[in-house]
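Numbering (our numbering), first residue to last: 226 to 532.
Keep in mind the hints are simulated off the structure, nothing from the lab.
Just so you know, nobody snuck in bad clues.
Distance windows between CB atoms, simulated: (1) GLY400 to ARG318: 55 to 61 Å; (2) ARG318 to SER412: 35 to 41 Å; (3) GLN332 to GLY400: 39 to 45 Å; (4) GLU328 to ASP402: 40 to 46 Å; (5) GLN392 to ILE344: 37 to 43 Å; (6) ALA454 to ASP354: 24 to 30 Å; (7) VAL423 to ASP402: 17 to 23 Å; (8) LYS352 to LEU386: 27 to 33 Å.
We put the beta carbon where it would ideally sit given N, CA and C, even for glycine.
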Amino acid sequence: SLLRSNKYWIRTCLNISLINCFLTVDFFYLIMSTASMLLYFHVAGEDASCAVELIPPRVVVKHGDPVSVNCSTSASDVAGVGWEASQGGTGIREQRSVMWTVESLIQWDISPKCFLTDIHGKQCLTKLDLVIYKTISISSSADLNEGIRENVEYNFTCSILNIAPVQNLMIRWYGGDALIQPNTLQSEQKTPTNQTSVHSFTPTRQHDGTTIRCEAHMDLGPEGPKFNASSQELNIKVLPRSFISCSNLGNTNCLHTPPLYSLFITICRGSATTQTRTINNLVCREDQKWGANISVDPTHLGHHLPV
226 SLLRSNKYWI RTCLNISLIN CFLTVDFFYL IMSTASMLLY FHVAGEDASC
276 AVELIPPRVV VKHGDPVSVN CSTSASDVAG VGWEASQGGT GIREQRSVMW
326 TVESLIQWDI SPKCFLTDIH GKQCLTKLDL VIYKTISISS SADLNEGIRE
376 NVEYNFTCSI LNIAPVQNLM IRWYGGDALI QPNTLQSEQK TPTNQTSVHS
426 FTPTRQHDGT TIRCEAHMDL GPEGPKFNAS SQELNIKVLP RSFISCSNLG
476 NTNCLHTPPL YSLFITICRG SATTQTRTIN NLVCREDQKW GANISVDPTH
526 LGHHLPV
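With these hints in hand, go ahead and build the complete structure from the sequences.
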(Lines of atoms letter the chains of each structure in order from A; the text may use other names.)
(Lines give C-alpha, C1' and ligand atoms only; values in the text may rest on other atoms or scores of the structure.)
Protein backbone atom coordinates (compact mmCIF):
# COMPACT_ATOMS: atom_id res chain seq x y z
CA SER A 226 0.00 0.00 0.00
CA LEU A 227 0.96 3.63 -0.51
CA LEU A 228 0.39 6.44 1.98
CA ARG A 229 -0.87 9.50 0.10
CA SER A 230 -2.64 12.57 1.66
CA ASN A 231 -3.52 10.77 4.86
CA LYS A 232 -5.24 7.99 2.92
CA TYR A 233 -4.23 4.37 2.51
CA TRP A 234 -4.47 2.98 -1.02
CA ILE A 235 -5.08 -0.73 -0.76
CA ARG A 236 -5.34 -3.03 -3.78
CA THR A 237 -8.46 -5.19 -3.76
CA CYS A 238 -11.18 -6.60 -5.97
CA LEU A 239 -14.96 -6.83 -5.88
CA ASN A 240 -15.17 -9.04 -2.82
CA ILE A 241 -12.84 -6.71 -0.85
CA SER A 242 -10.19 -9.40 -0.50
CA LEU A 243 -6.82 -7.77 0.23
CA ILE A 244 -4.49 -10.59 -0.83
CA ASN A 245 -3.14 -10.20 -4.40
CA CYS A 246 -6.60 -10.09 -5.92
CA PHE A 247 -6.60 -8.87 -9.51
CA LEU A 248 -9.17 -8.72 -12.27
CA THR A 249 -8.44 -9.58 -15.88
CA VAL A 250 -9.68 -6.43 -17.66
CA ASP A 251 -10.13 -3.63 -15.18
CA PHE A 252 -8.93 -3.30 -11.63
CA PHE A 253 -10.11 -1.36 -8.64
CA TYR A 254 -8.76 0.70 -5.78
CA LEU A 255 -10.40 0.62 -2.40
CA ILE A 256 -9.75 3.97 -0.68
CA MET A 257 -10.03 4.02 3.12
CA SER A 258 -10.13 7.43 4.77
CA THR A 259 -8.66 7.41 8.28
CA ALA A 260 -11.05 10.20 9.28
CA SER A 261 -14.44 8.92 8.16
CA MET A 262 -13.73 5.36 6.94
CA LEU A 263 -15.76 6.13 3.82
CA LEU A 264 -15.33 3.55 1.04
CA TYR A 265 -15.43 4.20 -2.66
CA PHE A 266 -14.04 2.62 -5.83
CA HIS A 267 -11.92 4.05 -8.60
CA VAL A 268 -11.95 2.08 -11.87
CA ALA A 269 -9.03 2.24 -14.29
CA GLY A 270 -9.02 0.92 -17.84
CA GLU A 271 -6.42 0.41 -20.56
CA ASP A 272 -5.04 3.74 -21.81
CA ALA A 273 -3.11 4.08 -25.08
CA SER A 274 -1.47 7.27 -23.78
CA CYS A 275 -0.25 5.68 -20.55
CA ALA A 276 3.28 6.94 -19.84
CA VAL A 277 4.91 3.53 -19.46
CA GLU A 278 7.31 1.70 -21.76
CA LEU A 279 7.44 -2.07 -22.18
CA ILE A 280 10.72 -3.64 -23.25
CA PRO A 281 10.13 -5.63 -25.35
CA PRO A 282 6.62 -4.43 -26.34
CA ARG A 283 5.76 -7.77 -27.99
CA VAL A 284 6.80 -11.19 -26.75
CA VAL A 285 6.52 -14.58 -28.48
CA VAL A 286 7.18 -17.47 -26.12
CA LYS A 287 6.82 -21.23 -26.29
CA HIS A 288 4.41 -22.71 -23.78
CA GLY A 289 6.33 -23.66 -20.64
CA ASP A 290 9.36 -21.45 -21.40
CA PRO A 291 10.56 -18.50 -19.26
CA VAL A 292 9.61 -14.91 -20.08
CA SER A 293 10.72 -11.52 -18.79
CA VAL A 294 9.51 -7.99 -19.68
CA ASN A 295 10.47 -4.66 -18.12
CA CYS A 296 7.96 -1.88 -17.50
CA SER A 297 9.30 1.59 -16.79
CA THR A 298 8.13 5.21 -16.74
CA SER A 299 9.73 8.65 -17.01
CA ALA A 300 6.71 10.47 -15.54
CA SER A 301 7.62 12.98 -12.79
CA ASP A 302 4.52 12.53 -10.64
CA VAL A 303 4.59 8.74 -10.40
CA ALA A 304 3.60 7.12 -7.14
CA GLY A 305 4.17 3.53 -8.18
CA VAL A 306 4.39 1.01 -11.00
CA GLY A 307 3.43 -2.67 -11.10
CA TRP A 308 2.22 -5.65 -13.09
CA GLU A 309 -1.26 -7.17 -13.13
CA ALA A 310 -0.96 -10.84 -14.19
CA SER A 311 -2.41 -14.19 -13.15
CA GLN A 312 1.15 -15.53 -13.25
CA GLY A 313 4.05 -13.39 -12.05
CA GLY A 314 2.01 -10.36 -10.92
CA THR A 315 3.96 -7.91 -8.74
CA GLY A 316 1.37 -5.58 -7.27
CA ILE A 317 2.24 -1.88 -6.99
CA ARG A 318 5.80 -0.87 -6.13
CA GLU A 319 7.15 2.56 -5.26
CA GLN A 320 9.67 2.63 -8.07
CA ARG A 321 9.89 3.67 -11.71
CA SER A 322 10.78 0.29 -13.21
CA VAL A 323 9.33 -3.14 -12.47
CA MET A 324 10.18 -6.45 -14.15
CA TRP A 325 7.55 -9.09 -14.97
CA THR A 326 9.28 -12.47 -14.78
CA VAL A 327 7.89 -15.99 -15.08
CA GLU A 328 10.16 -19.03 -15.03
CA SER A 329 7.67 -21.30 -16.84
CA LEU A 330 4.70 -19.72 -18.59
CA ILE A 331 1.87 -22.26 -18.48
CA GLN A 332 -1.34 -20.19 -18.51
CA TRP A 333 -2.76 -19.84 -22.02
CA ASP A 334 -5.26 -17.08 -21.25
CA ILE A 335 -2.85 -14.83 -19.37
CA SER A 336 -3.03 -11.10 -20.15
CA PRO A 337 -0.23 -9.19 -18.37
CA LYS A 338 -0.70 -5.44 -17.89
CA CYS A 339 1.69 -2.85 -16.57
CA PHE A 340 -0.02 -0.10 -14.56
CA LEU A 341 1.08 3.30 -13.31
CA THR A 342 -0.41 5.30 -10.44
CA ASP A 343 0.42 9.00 -10.03
CA ILE A 344 0.50 11.04 -6.83
CA HIS A 345 -3.02 12.30 -7.52
CA GLY A 346 -4.50 8.82 -7.49
CA LYS A 347 -5.03 8.53 -11.24
CA GLN A 348 -4.08 5.30 -12.83
CA CYS A 349 -3.49 3.95 -16.34
CA LEU A 350 -2.32 0.66 -17.76
CA THR A 351 -0.77 -0.86 -20.87
CA LYS A 352 -1.35 -4.44 -21.99
CA LEU A 353 1.58 -6.56 -23.10
CA ASP A 354 1.27 -8.06 -26.60
CA LEU A 355 1.95 -11.68 -25.69
CA VAL A 356 1.83 -14.70 -28.02
CA ILE A 357 2.15 -18.22 -26.61
CA TYR A 358 2.69 -21.07 -29.07
CA LYS A 359 3.19 -24.80 -29.38
CA THR A 360 5.17 -26.68 -32.00
CA ILE A 361 3.47 -28.63 -34.79
CA SER A 362 2.42 -32.27 -34.81
CA ILE A 363 1.07 -33.30 -38.22
CA SER A 364 -0.27 -36.37 -40.02
CA SER A 365 -2.14 -37.09 -43.26
CA SER A 366 -4.45 -39.87 -44.37
CA ALA A 367 -6.55 -41.03 -47.29
CA ASP A 368 -8.80 -44.02 -47.97
CA LEU A 369 -6.71 -45.74 -50.64
CA ASN A 370 -7.24 -49.35 -49.63
CA GLU A 371 -8.56 -50.25 -53.08
CA GLY A 372 -6.17 -48.07 -55.05
CA ILE A 373 -6.98 -44.93 -57.00
CA ARG A 374 -9.11 -44.94 -60.11
CA GLU A 375 -9.20 -42.34 -62.83
CA ASN A 376 -11.87 -39.62 -62.68
CA VAL A 377 -13.03 -40.59 -59.18
CA GLU A 378 -12.87 -37.97 -56.40
CA TYR A 379 -10.86 -38.78 -53.28
CA ASN A 380 -10.44 -36.83 -50.04
CA PHE A 381 -7.06 -36.45 -48.40
CA THR A 382 -7.11 -35.31 -44.75
CA CYS A 383 -4.35 -33.43 -42.96
CA SER A 384 -4.53 -33.35 -39.15
CA ILE A 385 -2.70 -30.81 -36.99
CA LEU A 386 -2.79 -31.86 -33.35
CA ASN A 387 -2.74 -29.68 -30.24
CA ILE A 388 -1.65 -26.48 -32.00
CA ALA A 389 -1.69 -22.83 -30.86
CA PRO A 390 -2.21 -20.11 -31.88
CA VAL A 391 -4.42 -21.17 -34.78
CA GLN A 392 -4.60 -17.73 -36.43
CA ASN A 393 -0.85 -17.89 -37.17
CA LEU A 394 -1.10 -21.28 -38.87
CA MET A 395 -1.30 -22.01 -42.61
CA ILE A 396 -1.74 -25.46 -44.16
CA ARG A 397 -0.44 -26.04 -47.68
CA TRP A 398 -1.08 -29.01 -49.94
CA TYR A 399 1.59 -30.02 -52.47
CA GLY A 400 1.40 -32.25 -55.51
CA GLY A 401 5.04 -33.18 -55.94
CA ASP A 402 6.81 -29.83 -55.47
CA ALA A 403 3.91 -27.71 -56.75
CA LEU A 404 1.59 -25.88 -54.35
CA ILE A 405 -1.96 -26.99 -55.14
CA GLN A 406 -4.02 -25.68 -52.20
CA PRO A 407 -3.22 -23.14 -49.46
CA ASN A 408 -5.50 -23.05 -46.42
CA THR A 409 -5.39 -20.26 -43.83
CA LEU A 410 -7.25 -21.04 -40.63
CA GLN A 411 -9.45 -18.42 -38.96
CA SER A 412 -9.69 -18.55 -35.17
CA GLU A 413 -8.94 -16.23 -32.27
CA GLN A 414 -8.69 -19.07 -29.77
CA LYS A 415 -5.48 -18.96 -27.74
CA THR A 416 -5.59 -22.44 -26.23
CA PRO A 417 -4.41 -25.49 -28.23
CA THR A 418 -6.88 -27.14 -30.59
CA ASN A 419 -6.90 -29.90 -33.19
CA GLN A 420 -7.27 -28.69 -36.77
CA THR A 421 -7.96 -30.52 -40.04
CA SER A 422 -7.69 -29.62 -43.70
CA VAL A 423 -9.27 -31.67 -46.48
CA HIS A 424 -8.01 -31.72 -50.06
CA SER A 425 -10.34 -33.14 -52.71
CA PHE A 426 -8.48 -34.80 -55.56
CA THR A 427 -9.69 -36.31 -58.83
CA PRO A 428 -6.81 -38.19 -60.47
CA THR A 429 -6.11 -38.61 -64.15
CA ARG A 430 -3.65 -40.87 -65.88
CA GLN A 431 -1.02 -38.11 -65.65
CA HIS A 432 -1.07 -38.24 -61.84
CA ASP A 433 0.25 -41.79 -61.74
CA GLY A 434 3.59 -41.91 -59.91
CA THR A 435 3.23 -38.49 -58.27
CA THR A 436 2.97 -37.70 -54.56
CA ILE A 437 0.71 -35.61 -52.32
CA ARG A 438 1.62 -34.17 -48.95
CA CYS A 439 0.48 -31.42 -46.59
CA GLU A 440 2.66 -28.93 -44.75
CA ALA A 441 1.80 -26.79 -41.74
CA HIS A 442 3.53 -23.41 -41.49
CA MET A 443 3.60 -21.25 -38.35
CA ASP A 444 4.42 -17.55 -38.78
CA LEU A 445 4.66 -15.73 -35.45
CA GLY A 446 5.86 -12.41 -36.80
CA PRO A 447 9.28 -10.73 -36.61
CA GLU A 448 9.62 -11.38 -32.87
CA GLY A 449 9.00 -15.10 -33.11
CA PRO A 450 10.29 -18.15 -34.93
CA LYS A 451 8.99 -19.42 -38.26
CA PHE A 452 8.75 -23.18 -38.46
CA ASN A 453 6.91 -25.83 -40.41
CA ALA A 454 6.24 -29.55 -40.42
CA SER A 455 5.45 -31.89 -43.30
CA SER A 456 3.33 -35.01 -43.38
CA GLN A 457 4.47 -38.25 -44.92
CA GLU A 458 4.15 -38.22 -48.70
CA LEU A 459 1.30 -40.28 -50.14
CA ASN A 460 2.25 -42.07 -53.34
CA ILE A 461 -0.35 -41.91 -56.09
CA LYS A 462 -0.82 -45.10 -58.08
CA VAL A 463 -3.61 -44.61 -60.61
CA LEU A 464 -5.21 -47.87 -61.71
CA PRO A 465 -5.62 -47.75 -65.49
CA ARG A 466 -8.60 -48.64 -67.60
CA SER A 467 -8.33 -52.05 -69.22
CA PHE A 468 -9.95 -53.98 -72.04
CA ILE A 469 -10.68 -57.64 -71.44
CA SER A 470 -11.49 -60.40 -73.88
CA CYS A 471 -12.12 -64.06 -73.16
CA SER A 472 -11.61 -67.27 -75.15
CA ASN A 473 -11.97 -70.90 -74.09
CA LEU A 474 -9.15 -73.45 -74.15
CA GLY A 475 -11.25 -76.58 -73.89
CA ASN A 476 -14.47 -78.33 -74.86
CA THR A 477 -17.52 -76.35 -73.72
CA ASN A 478 -19.95 -79.25 -74.13
CA CYS A 479 -21.83 -80.04 -70.94
CA LEU A 480 -20.81 -83.69 -71.21
CA HIS A 481 -17.22 -82.73 -70.49
CA THR A 482 -15.59 -81.19 -67.45
CA PRO A 483 -15.58 -77.38 -67.21
CA PRO A 484 -13.03 -75.90 -69.61
CA LEU A 485 -10.22 -73.47 -69.01
CA TYR A 486 -10.59 -69.87 -70.06
CA SER A 487 -7.83 -67.44 -70.97
CA LEU A 488 -8.55 -63.87 -69.93
CA PHE A 489 -6.58 -61.38 -72.01
CA ILE A 490 -6.25 -58.05 -70.21
CA THR A 491 -4.95 -55.17 -72.31
CA ILE A 492 -3.98 -52.07 -70.34
CA CYS A 493 -4.50 -48.74 -72.07
CA ARG A 494 -0.87 -47.75 -71.60
CA GLY A 495 0.02 -50.38 -74.18
CA SER A 496 1.29 -53.19 -71.95
CA ALA A 497 -0.55 -56.48 -71.71
CA THR A 498 -0.92 -59.31 -69.23
CA THR A 499 -2.61 -62.70 -69.50
CA GLN A 500 -4.43 -64.58 -66.79
CA THR A 501 -5.79 -68.14 -66.97
CA ARG A 502 -8.36 -69.44 -64.56
CA THR A 503 -10.76 -72.39 -64.23
CA ILE A 504 -14.43 -71.60 -63.92
CA ASN A 505 -16.05 -73.98 -61.44
CA ASN A 506 -19.53 -72.50 -61.21
CA LEU A 507 -20.65 -72.94 -64.80
CA VAL A 508 -24.18 -74.06 -65.63
CA CYS A 509 -25.56 -75.79 -68.72
CA ARG A 510 -27.20 -73.37 -71.11
CA GLU A 511 -30.09 -74.28 -73.38
CA ASP A 512 -27.64 -75.07 -76.16
CA GLN A 513 -26.10 -77.76 -73.89
CA LYS A 514 -22.85 -75.84 -73.46
CA TRP A 515 -21.20 -74.57 -70.34
CA GLY A 516 -21.91 -70.94 -69.61
CA ALA A 517 -21.80 -68.33 -66.87
CA ASN A 518 -21.21 -64.68 -66.15
CA ILE A 519 -17.72 -64.17 -64.80
CA SER A 520 -16.76 -61.01 -63.00
CA VAL A 521 -13.20 -59.97 -63.76
CA ASP A 522 -12.12 -56.80 -62.00
CA PRO A 523 -8.35 -56.30 -62.10
CA THR A 524 -8.73 -52.51 -61.98
CA HIS A 525 -11.90 -52.39 -59.86
CA LEU A 526 -13.88 -51.39 -62.94
CA GLY A 527 -16.24 -54.36 -62.76
CA HIS A 528 -16.05 -56.03 -66.20
CA HIS A 529 -18.69 -58.76 -66.56
CA LEU A 530 -18.16 -61.19 -69.39
CA PRO A 531 -20.74 -63.67 -70.71
CA VAL A 532 -19.16 -67.03 -71.45
